[in-house]
Each structure stands twice: as C-alpha cells, then as structure tokens.
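Residue numbers (the numbering used here), protein chains in the order written: chain A, 131 to 379; chain B, 411 to 727.
Calculated directly from the structure, the hints in this document are not laboratory data. It is possible that part of the hints are untrue.
Heads up, simulated DSS-like pairs for lysine-lysine below, C-alpha to C-alpha not over 30 Å straight-line [to be verified]: (1) A:Lys188 - B:Lys472; (2) B:Lys714 - B:Lys696; (3) B:Lys565 - A:Lys259.
Computed from a predicted structure; not experimentally measured.
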Amino acid sequence: MNTRFEYLLRLGDDALILGQQLGLWTGHGPVLEEDIALTNIGLDQIGQARAWLSLAGKAENQGRDEDRLAFHRNQEGFRNALLCERPNGHFGDTIVRQFLFDAYAVPLHAALAQSNDAEIAAIALKSAKESAYHLRHSRAWLVRLGDGTEESHEKVQASLDLMLPFAGDLFFSDEVTTAATDEGWGPDPSDLRADWEAILSDTLSEAQLRRPDAVPEQIGGRQGRHTEQLSFLLAEMQVLPRTYPDAKW
Amino acid sequence: MEMDLLQRFEAYVASEKKIEPKDWMPDAYRKTLIRQISQHAHSEIVGMLPEGNWISRAPSLKRKAILMAKVQDEAGHGLYLYSACETLGVQRDDTIADLHSGKAKYSSIFNYPTLTWADIGAVGWLVDGAAIMNQVPLCKCSYGPYARAMVRVCKEESFHQRQGFQIMMTLAQGTEEQKAMAQDALNRWWWPSIMMFGPPDDNSPNSAQSMAWNIKRFSNDELRQKFIDLTVPQAELIGLTIPDADLKWNEETGHYEHGPIDWDEFNRVIAGHGPCNKERLDARNKAWDDGAWVREAAGAHAEKRAARKAAANTAAA
Ligand SMILES: [Fe+2]
Ligand SMILES: [Fe+2]
Chain A
131 MNTRFEYLLR LGDDALILGQ QLGLWTGHGP VLEEDIALTN IGLDQIGQAR AWLSLAGKAE
191 NQGRDEDRLA FHRNQEGFRN ALLCERPNGH FGDTIVRQFL FDAYAVPLHA ALAQSNDAEI
251 AAIALKSAKE SAYHLRHSRA WLVRLGDGTE ESHEKVQASL DLMLPFAGDL FFSDEVTTAA
311 TDEGWGPDPS DLRADWEAIL SDTLSEAQLR RPDAVPEQIG GRQGRHTEQL SFLLAEMQVL
371 PRTYPDAKW
Chain B
411 MEMDLLQRFE AYVASEKKIE PKDWMPDAYR KTLIRQISQH AHSEIVGMLP EGNWISRAPS
471 LKRKAILMAK VQDEAGHGLY LYSACETLGV QRDDTIADLH SGKAKYSSIF NYPTLTWADI
531 GAVGWLVDGA AIMNQVPLCK CSYGPYARAM VRVCKEESFH QRQGFQIMMT LAQGTEEQKA
591 MAQDALNRWW WPSIMMFGPP DDNSPNSAQS MAWNIKRFSN DELRQKFIDL TVPQAELIGL
651 TIPDADLKWN EETGHYEHGP IDWDEFNRVI AGHGPCNKER LDARNKAWDD GAWVREAAGA
711 HAEKRAARKA AANTAAA
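Construct all of the structure, not just a fragment, from the sequences and the given hints.
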C-alpha cells in the first residue's frame with residue numbers, strides 16, 4: 131500500500147467533501163454575512179482539497195491530478211471521515227458539523243506544520259491560519275445558538291446528538307497513520323483526540339450544551355465504507371466530467 | 411428658503427461635487443436613490459441564485475473555487491449597497507422585506523434559468539459585462555456613498571466579466587458538444603442581456619431627472635450601443651454567433667446596428683411572468699424564513715451577554 135498517498139487522500143477528501151457541502155449554502159444563508167462566511171470557509175476547504183489532492187497525485191505517481199482524483203473516483207475510493215459527509219441539514223447542523231471538524235483541524239494542521247516533509251508543512255502552515263478562523267466562526271455560532279433562545283438551544287443540542295457519533299472517524303488509526311508517525315511526515319489522528327476533547331468540553335460549557343451520552347461510534351470513511359449520502363453528493367459533483375470525459379473546462 | 415436650498419443643491423451637483431448623507435437633498439433625489447440603490451442591492455442578492463445553482467456541479471475544482479469566489483463577491487456587493495441605502499435612512503431589514511413581499515424590483519435578467527455550465531460563462535461575460543457598462547458611470551454619481559460603493563464593485567465586476575469570457579472561450583475551443591453548449595447559452599442570454607439597459611430612450615420615464623442630478627450619465631440606448639459594440643467582436647474572436655440576423659456594422663456611424671428588441675418579453679418578465687420569477691423569490695423567502703430562528707438566537711444571545719456583563723460590572727462596583 132502507498133501509505134503516503136492514502137494519508138494525503140484522507141486530508142484532501144475531508145476538505146473536498148466539506149467544501150462541496152458548504153458551497154450549497156451560497157445564496158441560502160440566514161443572513162447575508164453568513165452567506166459570505168460559509169462560502170468563504172467552503173472556499174478555503176476547496177483550496178486545501180486542491181493542495182492535498184495534487185500532492186496525493188504526486189505521491190501516487192500515476193498521473194492523476196486534483197481533478198482526476200476529485201471527479202473520477204467512485205464512492206469506495208473516497209477516504210473522507212464520515213462526519214464530513216453528514217448532510218447540511220439546517221444551519222445548526224452545519225455549524226455543529228463544522229465545529230466538530232474545526233476542533234480537529236486546528237491541532238491537525240499544527241502537527242502537520244511540524245512535518246519533516248517541506249511540501250506537507252507548507253500546505254499545513256497555510257491551512258492552520260484558515261482553520262483557526264473557521265474554529266472561531268463555528269465556535270462563536272455554537273455558543274450563540276446554544277445560549278440563544280429555547281428553540282435554538284433545543285435545535286443545536288439535537289444537532290450535536292446527531293453528529294457526534296460520526297466524529298470518531300476523524301481519529302481512526304491504522305498502518306497508514308502509523309507510517310506517518312514512524313516516518314515523521316504527519317501525526318496519528320488518535321494523538322489529536324485529547325486536544326479535540328478539550329476544545330469540545332470548553333465550548334459546550336460556554337454554549338450551555340450537554341455532552342451527549344457516549345454511544346458506539348460510526349467508523350468506516352478512511353476505508354471507503356460510507357453512508358447513504360455520499361453517492362448523491364458525488365453524483366452531483368462529478369456530473370460534468372463524467373458525462374463529457376474528453377472535455378477540458 | 412426651500413427654493414434657495416434646491417438651487418444651491420443643483421449648483422453643487424452640477425459642479426461635480428459629492429452629496430454626503432448629512433447634506434440637505436431634495437426628497438425626490440433621496441427617493442430616487444433609495445429606489446435605485448435598493449434595486450441594485452436586490453439584484454446582487456437574487457443574482458447569486460442562478461449562478462450558485464452551478465457551484466455544486468462546477469466541472470473542475472479551480473472553476474468551482476472561482477465561481478464560489480464570484481458569488482461571494484456578489485453577496486459583498488449586496489452588503490455595500492444595503493449599507494449605502496441605510497445612509498439614506500432606510501433599514502436593511504425593511505428594504506429586504508420589500509424584496510421578499512414582491513414590492514421591490516430587481517434586475518429581470520435573473521429570472522432566466524441557468525441550464526448548462528455554459529450559462530455560467532455567458533452570465534459572467536454578458537450579464538456582468540452589461541452591469542459594468544451600467545455601473546462604471548455610477549462611480550461618478552453625485553451621491554458619495556453610492557459612488558464609492560460602485561468603485562469597489564466595478565473592480566470586481568471586471569474580474570467576473572473576464573472569468574466568464576474565459577469559460578466561454580474554453581468551451582468554444584473545446585469538443586463539439588462544448589461548442590454547442592456555448593452557442594446555445596449565447597443564444598439564450600444575448601437578448602435578455604441587451605435588455606438590461608432598460609427601455610429605449612423615448613420610453614424611459616425616470617431618465618431625464620436622473621441625468622440632471624448626475625445620478626445617470628448616459629442614456630439607456632447609449633449604454634446598450636456601447637455594450638454591443640464591445641461584445642460583438644469578442645463573440646467573433648471565439649467563433650460564436652450573435653443570435654441577431656439583422657446585426658451589421660455601419661461603417662459611417664462606427665457602430666453596430668441591431669435588430670428589433672422584443673420589449674413585450676421584457677415587460678412580461680418584469681411583470682412577474684419570466685421563467686424563474688417565482689423560484690427566485692421563493693428561494694429568497696425560504697432562506698429568510700428558515701434563518702429566522704438563527705437570527706433570533708443571535709439577538710437573544712447578544713442581549714444575555716450584555717446583561718451578564720452589566721451584572722458583573724454592578725457586582726464589581
Ligand atoms: Fe455584483
Ligand atoms: Fe459580478
């Protein structure tokens with residue numbers, strides 16, 4: 131197995147699937163400022179996806195570029211964590227999904243910035259600035275919604291109950307992540323969990339939200355075992371390059 | 411007294427000086443600006459819908475990023491323009507409520523559908539292109555906040571126009587199917603685009619006053635002619651055909667002559683009977699209604715926070 135390729139795909143696919151979903155909010159946000167913010171975050175995610183997938187293509191060395199990887203892989207070839215493919219739902223669902231991801235992305239990018247691989251470190255350094263902003267945004271909204279009205283509190287608590295079981299997939303460890311730490315080019319996500327937990331519990335207490343009782347986690351994205359939603363998402367995202375395989379855009 | 415003010419105002423405007431929010435201005439001037447700037451803001455916001463429609467299906471990651479950035483720019487334009495409107499004494503939420511109720515107008519062009527990826531090219535090239543023609547003169551508009559908003563907006567619009575043209579050029583040089591897609595998009599967007607300059611000069615009720623107030627600098631027909639003269643050679647350059655059998659170059663005038671414009675269609679779409687009028691308004695209303703609980707929560711949280719802070723200060727004192 132090409133562990134470096136696999137590892138980079140995981141990074142790229144998380145960003146790609148989130149970016150794809152955030153783009154659906156453009157023009158439909160609750161206030162104009164949030165249309166701008168969610169699109170901005172989506173744009174950062176697409177930018178990160180392009181960087182990671184390009185690097186993955188180089189690591190694979192089969193001539194696949196970012197677009198080949200994004201538009202011509204099937205569902206089972208995708209390596210994003212299950213959390214990223216949870217549907218947008220309402221604004222609170224999207225915020226919770228993004229918060230759970232951002233709280234992982236911040237320590238992830240900090241650790242990747244220490245990579246002994248200069249290309250990985252460079253992408254991580256740029257991404258770290260973006261994820262810090264994303265976390266400020268999603269955290270602030272989680273607090274607003276949790277502490278806002280009775281309705282918003284109930285809604286966002288339900289979002290949290292719904293999303294949390296899918297977050298464990300972010301911390302999945304296997305021979306790919308072991309290779310990353312052994313060879314020094316990236317962290318094992320399971321080592322990021324303590325930082326994530328700290329951000330989570332601090333934010334939930336400020337938002338006056340309850341940590342849902344622990345339930346079995348849903349795992350599978352890193353191995354290409356996905357939820358029902360991904361196939362729809364890919365069908366929409368990939369329609370043009372699949373319909374016109376010879377075309378350049 | 412009132413007469414003095416009016417004379418001073420008109421002389422001031424005629425000397426190309428800017429009116430600022432605290433300056434005296436005639437009621438009709440204020441009303442005209444509120445109508446024009448709010449319609450302009452609404453057009454930016456409604457315009458996000460037909461283009462946002464293709465974000466999820468953009469054919470490459472680079473195109474996706476460019477399109478997201480473009481639609482985000484349009485949201486930004488909406489924001490500057492609502493702010494410019496607020497300087498005239500109307501609140502953003504009230505202005506938006508007029509859009510949602512159907513009372514306020516927005517550019518009719520956005521009541522047409524975006525059916526293929528080529529429409530994203532055509533909209534950028536033609537619709538943003540026409541918008542630039544309309545808006546560059548507004549950078550010198552007599553009302554300061556509007557003029558300044560337009561300077562920022564125009565810079566971004568010219569990016570949009572170039573990006574749209576670039577999409578069309580790529581398609582026109584692509585496979586047979588892509589070429590056909592590009593030509594079809596041009597066929598559908600050409601006439602609505604040249605209608606964007608509004609009714610012909612002999613039938614444009616608000617124009618003369620706006621010209622006198624230095625809100626408007628060129629007539630509808632002048633701007634339309636400029637747009638056609640600029641755009642026809644661009645279409646030729648990439649091998650696309652303008653869908654107007656009567657279009658011809660007039661050596662003497664140095665302008666293109668165009669065929670008759672279907673003003674009945676224009677009036678139909680303005681009156682609410684275009685292909686997407688209902689969808690566009692429904693989408694705006696849905697976003698607003700679905701977001702009500704979010705806006706309420708943000709307000710409630712801000713109040714609670716202020717109250718907690720006040721209580722803490724009292725306790726400390
Ligand atoms: Fe705009
Ligand atoms: Fe634009």
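Do the hints match the structure? See the list:
no.: 1; hint: A:Lys188 - B:Lys472; in the structure: holds (18 Å)
no.: 2; hint: B:Lys714 - B:Lys696; in the structure: holds (28 Å)
no.: 3; hint: B:Lys565 - A:Lys259; in the structure: holds (27 Å)
In this structure, none of the earlier numbered hints is contradicted; all agree with it.
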